[in-house]
Amino acid sequence: MINLDFESEKVYNTGRAPINIHAFKVPLGKVHIIKERCKECGYCWTYCPKEVLEKSDYVNKNGYHPPRIKKGKESACVACGMCEAICPDFAIFVEEIKNE
Amino acid sequence: MIEEAIHPKDIYLRSDRFPHIWCPGCGLGIVLKSYVDAISKLDIPLDHHVLVSGIGCTARLPGYANVDSYHTTHGRAIPFATGLKIVNPELQVTVISGDGDLFNIGGNHIIHAARRNMDILVVCVNNFNYGMTGGQHGATTPEGARTSTTPYGNIEHSFNLPYIMASLGASYVARWTSLHVRQLTKSIMKAMKMKGFSFIEVISPCPPNFGKYNKFNDGLSQMEFFYENSVLDNNADLSEAYIDFSGKRPLIVGEFVQRIRPSYIELERDLIKRAMEEP
Numbered sequence: 000m001i002n003l004d005f006e007s008e009k010v011y012n013t014g015r016a017p018i019n020i021h022a023f024k025v026p027l028g029k030v031h032i033i034k035e036r037c038k039e040c041g042y043c044w045t046y047c048p049k050e051v052l053e054k055s056d057y058v059n060k061n062g063y064h065p066p067r068i069k070k071g072k073e074s075a076c077v078a079c080g081m082c083e084a085i086c087p088d089f090a091i092f093v094e095e096i097k098n099e
Numbered sequence: 000m001i002e003e004a005i006h007p008k009d010i011y012l013r014s015d016r017f018p019h020i021w022c023p024g025c026g027l028g029i030v031l032k033s034y035v036d037a038i039s040k041l042d043i044p045l046d047h048h049v050l051v052s053g054i055g056c057t058a059r060l061p062g063y064a065n066v067d068s069y070h071t072t073h074g075r076a077i078p079f080a081t082g083l084k085i086v087n088p089e090l091q092v093t094v095i096s097g098d099g100d101l102f103n104i105g106g107n108h109i110i111h112a113a114r115r116n117m118d119i120l121v122v123c124v125n126n127f128n129y130g131m132t133g134g135q136h137g138a139t140t141p142e143g144a145r146t147s148t149t150p151y152g153n154i155e156h157s158f159n160l161p162y163i164m165a166s167l168g169a170s171y172v173a174r175w176t177s178l179h180v181r182q183l184t185k186s187i188m189k190a191m192k193m194k195g196f197s198f199i200e201v202i203s204p205c206p207p208n209f210g211k212y213n214k215f216n217d218g219l220s221q222m223e224f225f226y227e228n229s230v231l232d233n234n235a236d237l238s239e240a241y242i243d244f245s246g247k248r249p250l251i252v253g254e255f256v257q258r259i260r261p262s263y264i265e266l267e268r269d270l271i272k273r274a275m276e277e278p
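In order, the protein sequence lines correspond to chains A and B. Going by numbering that gives the first Met the number 0, the first sequence opens with residue 0, and the numbers climb by one from there. Going by numbering that gives the first Met the number 0, the second sequence opens with residue 0, and the numbers climb by one from there.
Certain hints may be false.
[Unchecked claim] No farther apart than 25 Å at their CA atoms in a straight line, the calculated lysine to any residue pairs in the SDA-like style are these:
(1) A/54 <-> B/185
(2) B/194 <-> B/159
(3) B/189 <-> A/79
(4) A/34 <-> B/228
(5) A/60 <-> B/224
(6) A/69 <-> B/219
(7) A/97 <-> B/9
(8) A/97 <-> B/39
(9) A/60 <-> B/39
(10) B/40 <-> A/81
(11) A/54 <-> B/5
(12) A/29 <-> B/4
(13) A/49 <-> B/188
(14) A/70 <-> B/14
(15) A/54 <-> B/64
(16) B/185 <-> A/46
(17) B/185 <-> B/150
(18) A/97 <-> B/10
(19) A/54 <-> B/223
(20) B/8 <-> A/70
(21) B/40 <-> A/96
(22) A/34 <-> B/185
(23) A/54 <-> B/23
(24) A/60 <-> B/185
(25) A/49 <-> B/6
(26) A/49 <-> B/226
(27) A/49 <-> B/220
(28) A/54 <-> B/10
(29) A/69 <-> B/223
(30) A/69 <-> B/7
(31) A/60 <-> B/207
(32) A/69 <-> B/5
(33) A/54 <-> A/41
(34) A/60 <-> B/228
(35) A/34 <-> B/189
(36) B/189 <-> A/80
(37) B/211 <-> A/96
(38) A/49 <-> B/62
(39) A/49 <-> B/219
(40) B/247 <-> B/189
FYI, nobody ran anything at the bench for these hints, they're computed from the structure.
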């Protein structure tokens, strides 16, 4: 697997990055969690590419721990929608925040 | 930042029945998500969709989708779907059922539906055992896998589902795991647009039954196995596409067959036309 960190300066220095890369904006997402539907399978916090989510201490009515957003990662979500796609319980979704 | 909200896909679901009955880590919710995603992106009106299922864990799925659904007798989902499609060819009939329902109990029906090239989409969710009744082994249990009725390992050869379906002349054959969410959604959309018999196998984790006996403690560890072992190969030799949990053989996924063959509905329409023209 190739890991490219587009935020680091290395990418710009290789000469392989698109010349107008600065014109592109990283999208910002807002994560909504429906806590009572969660069954703590762990897929969302395992497969989040930006590692935004983690297990919380909150216990829902069925005794499971729903995810929460890690401290300091409040604006790290890029609205890729992986958590929404992989959640089997329809308990999480992402809304892209568009501010012009 | 976190607050309670309504899921955007809730309009396609019977959301009052949520949370659903499936175990934590089960891949069936992901299949439901992919189906709902596919029908939300296609321009077929919602009342033209019909979801048919047999009996089993997977067969509970139509009860959660807000489309016309049919929960039929064990193994007989395909005959019901065939009847629906012949009577009203405008409907988009989808069968979502498990491997035990489609291939063990109803093995004959799926074979003949594929032979006739009936215009239905069949999504077979394969969890390698009879999940609802306690994890007994079946025709899709891989060789050497342990289940509650084969505690020393399964000695039988297993079904190779894409190979069977391709040999019978299905128009579209694909296999994904429940980790390939986006590919599965695209695959369902493509199969709904195609004429003829479409078959998609979805390999799903079954944490409390198959997983427990095969050293996958939770759904996550089985998903990790899929992640490490699945290989995308659209031109794979399907006779080699057996599933093996020993890790020696790659888990081949992809869209194996896409071909144009006259479908049953087209042939029937032609036949009626010819018969009506004759004096």
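Hint-by-hint comparison with the structure:
In summary, the hint linking residue 54 of chain A to residue 185 of chain B is not supported, as the alpha carbons are separated by about 31 Å, beyond the 25 Å threshold. For the given pair, residue 194 of chain B sits about 24 Å from residue 159 of chain B by alpha-carbon distance, which is consistent with the 25 Å threshold. Only pairs whose Cα atoms come within 25 Å are accepted, and residue 189 of chain B paired with residue 79 of chain A is accepted, the gap being roughly 22 Å. Between residue 34 of chain A and residue 228 of chain B the alpha-carbon distance is near 32 Å, which puts this suggested pair outside the 25 Å criterion.
Of the supplied pair hints, the one linking residue 60 of chain A and residue 224 of chain B is violated, its CA atoms being roughly 31 Å apart against a limit of 25 Å. Restraint check for residue 69 of chain A and residue 219 of chain B: the C-alpha separation of about 20 Å stays at or below 25 Å, so the hint holds. For a cut-off of 25 Å, the pair hint linking residue 97 of chain A to residue 9 of chain B stands: about 23 Å separates their Cα positions. For the hint pairing residue 97 of chain A with residue 39 of chain B, the CA-to-CA distance comes to about 22 Å; that is within 25 Å, so the pair holds.
Note on residue 60 of chain A and residue 39 of chain B: the hinted pairing is violated, with a Cα-Cα distance of about 31 Å set against a maximum of 25 Å. Distance restraint check for residue 40 of chain B and residue 81 of chain A: the Cα-Cα separation of roughly 17 Å lies within the 25 Å cut-off, and the hinted pair is therefore satisfied. Restraint check for residue 54 of chain A and residue 5 of chain B: the C-alpha separation of about 21 Å stays at or below 25 Å, so the hint holds. Restraint check for residue 29 of chain A and residue 4 of chain B: satisfied, since their Cα atoms lie roughly 12 Å apart, inside the 25 Å limit.
Distance hint between residue 49 of chain A and residue 188 of chain B is unfulfilled; the C-alpha atoms sit about 28 Å from each other, more than 25 Å. A hinted pair counts as satisfied when its Cα atoms are at most 25 Å apart, and residue 70 of chain A with residue 14 of chain B does not qualify at roughly 31 Å. With a CA separation close to 29 Å, the supplied pair residue 54 of chain A and residue 64 of chain B exceeds the 25 Å bound. In summary, the hint linking residue 185 of chain B to residue 46 of chain A is supported, as the alpha carbons are separated by about 20 Å, within the 25 Å threshold.
The suggested pairing of residue 185 of chain B with residue 150 of chain B is violated, with an alpha-carbon distance near 38 Å, which exceeds 25 Å. For the suggested pair residue 97 of chain A and residue 10 of chain B, the alpha carbons sit about 24 Å apart, so the restraint of at most 25 Å is met. This hinted pair checks out: residue 54 of chain A and residue 223 of chain B have alpha carbons roughly 19 Å apart, not beyond 25 Å. Only pairs whose Cα atoms come within 25 Å are accepted, and residue 8 of chain B paired with residue 70 of chain A is rejected, the gap being roughly 28 Å.
Restraint check for residue 40 of chain B and residue 96 of chain A: satisfied, since their Cα atoms lie roughly 21 Å apart, inside the 25 Å limit. Note on residue 34 of chain A and residue 185 of chain B: the hinted pairing is violated, with a Cα-Cα distance of about 29 Å set against a maximum of 25 Å. With a C-alpha separation of about 15 Å, the suggested pair residue 54 of chain A and residue 23 of chain B falls inside the 25 Å cut-off, and the hint holds. With a CA separation close to 35 Å, the supplied pair residue 60 of chain A and residue 185 of chain B exceeds the 25 Å bound.
Distance check on the hinted pair: residue 49 of chain A and residue 6 of chain B sit about 22 Å apart at the alpha-carbon level, within 25 Å; holds. At most 25 Å may separate the alpha-carbon atoms for a hinted pair to count; residue 49 of chain A and residue 226 of chain B meet this at roughly 18 Å. Restraint check for residue 49 of chain A and residue 220 of chain B: the C-alpha separation of about 20 Å stays at or below 25 Å, so the hint holds. Simply put, residue 54 of chain A and residue 10 of chain B have alpha-carbon atoms about 28 Å apart, too far for the 25 Å limit, and the pair is violated.
At most 25 Å may separate the alpha-carbon atoms for a hinted pair to count; residue 69 of chain A and residue 223 of chain B meet this at roughly 23 Å. For a cut-off of 25 Å, the pair hint linking residue 69 of chain A to residue 7 of chain B stands: about 24 Å separates their Cα positions. For a cut-off of 25 Å, the pair hint linking residue 60 of chain A to residue 207 of chain B stands: about 21 Å separates their Cα positions. For a cut-off of 25 Å, the pair hint linking residue 69 of chain A to residue 5 of chain B stands: about 22 Å separates their Cα positions.
Between the alpha carbons of residue 54 of chain A and residue 41 of chain A the distance comes to roughly 8 Å, so the proposed pair stays at or under 25 Å and holds. With a C-alpha separation of about 36 Å, the suggested pair residue 60 of chain A and residue 228 of chain B falls outside the 25 Å cut-off, and the hint is violated. Between residue 34 of chain A and residue 189 of chain B the CA atoms are separated by roughly 34 Å; this puts the pair beyond 25 Å, and the hint is violated. At most 25 Å may separate the alpha-carbon atoms for a hinted pair to count; residue 189 of chain B and residue 80 of chain A meet this at roughly 21 Å.
Proximity of residue 211 of chain B to residue 96 of chain A is assessed by CA-CA distance (about 42 Å); at most 25 Å being required, the pair is judged violated. For the given pair, residue 49 of chain A sits about 34 Å from residue 62 of chain B by alpha-carbon distance, which is inconsistent with the 25 Å threshold. The straight-line distance between the Cα atoms of residue 49 of chain A and residue 219 of chain B is roughly 18 Å, inside the 25 Å bound, and the hint therefore holds. Restraint check: the Cα-Cα separation between residue 247 of chain B and residue 189 of chain B comes to about 32 Å, which exceeds 25 Å; the hinted pair is violated.
In terms of the numbered hints stated before, the structure departs from hints 1, 4, 5, 9, 13, 14, 15, 17, 20, 22, 24, 28, 34, 35, 37, 38 and 40, listed from lowest to highest.
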